[in-house]
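Visitor: Can you make the complete structure from the sequences, with help from the hints?
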Amino acid sequence: MRLAGGASIPVDAKVPLDVYVEASALPAGDAHEAERRMLMRKHAKAVRSHIDALTKKAYWSGLDACPEFVICPPPSESLPSAALEGKASAVDDEPRTFSSPSTQSDA
1 MRLAGGASIP VDAKVPLDVY VEASALPAGD AHEAERRMLM RKHAKAVRSH IDALTKKAYW
61 SGLDACPEFV ICPPPSESLP SAALEGKASA VDDEPRTFSS PSTQSDA
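FYI, my numbering numbers position 62 of the sequence shown as 62, with every residue one higher than the one before it.
Keep in mind that the hints were calculated from the coordinates and are not lab data. Each statement offered as a hint is correct.
What follows is a list of derived Cβ distance ranges for each label pair:
{"id": "1", "residue 1": "Ile9", "residue 2": "Glu85", "range": "26 to 32 Å"}
{"id": "2", "residue 1": "Glu77", "residue 2": "Asp52", "range": "20 to 26 Å"}
{"id": "3", "residue 1": "His32", "residue 2": "Leu3", "range": "41 to 47 Å"}
{"id": "4", "residue 1": "Ala34", "residue 2": "Ile9", "range": "37 to 43 Å"}
Glycine is no exception: its CB is placed at the ideal position from the N, C-alpha and C atoms.
Guide: Spelled out as structure tokens, the structure:
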């Protein structure tokens with residue numbers, strides 16, 4: 001994303017979805033709650049692994065005037081919150097801000 005003054009912010013739109021979709025497809029009710037919780041923990045780990053992988057890519061090192069972060073926009077508001085519910089420490093042990101559809105604009 002190009003900003004005024006020649007600065008840039010890298011955006012990587014790939015997001016781990018498989019386990020989240022699997023958990024969301026389970027029928028509602030207590031009979032599937034343990035499996036849903038297990039899948040949400042797995043989703044949180046997948047998000048953590050994805051964040052780690054994005055950090056290792058260091059997109060900012062190839063850009064002039066770029067802060068040391070990358071935006072990863074999930075396609076749904078519920079993906080970051082599901083990761084936080086699955087295991088908060090999977091995503092909140094470093095300074096970061098989640099992007100979401102409601103925080104993005106078409107500017």
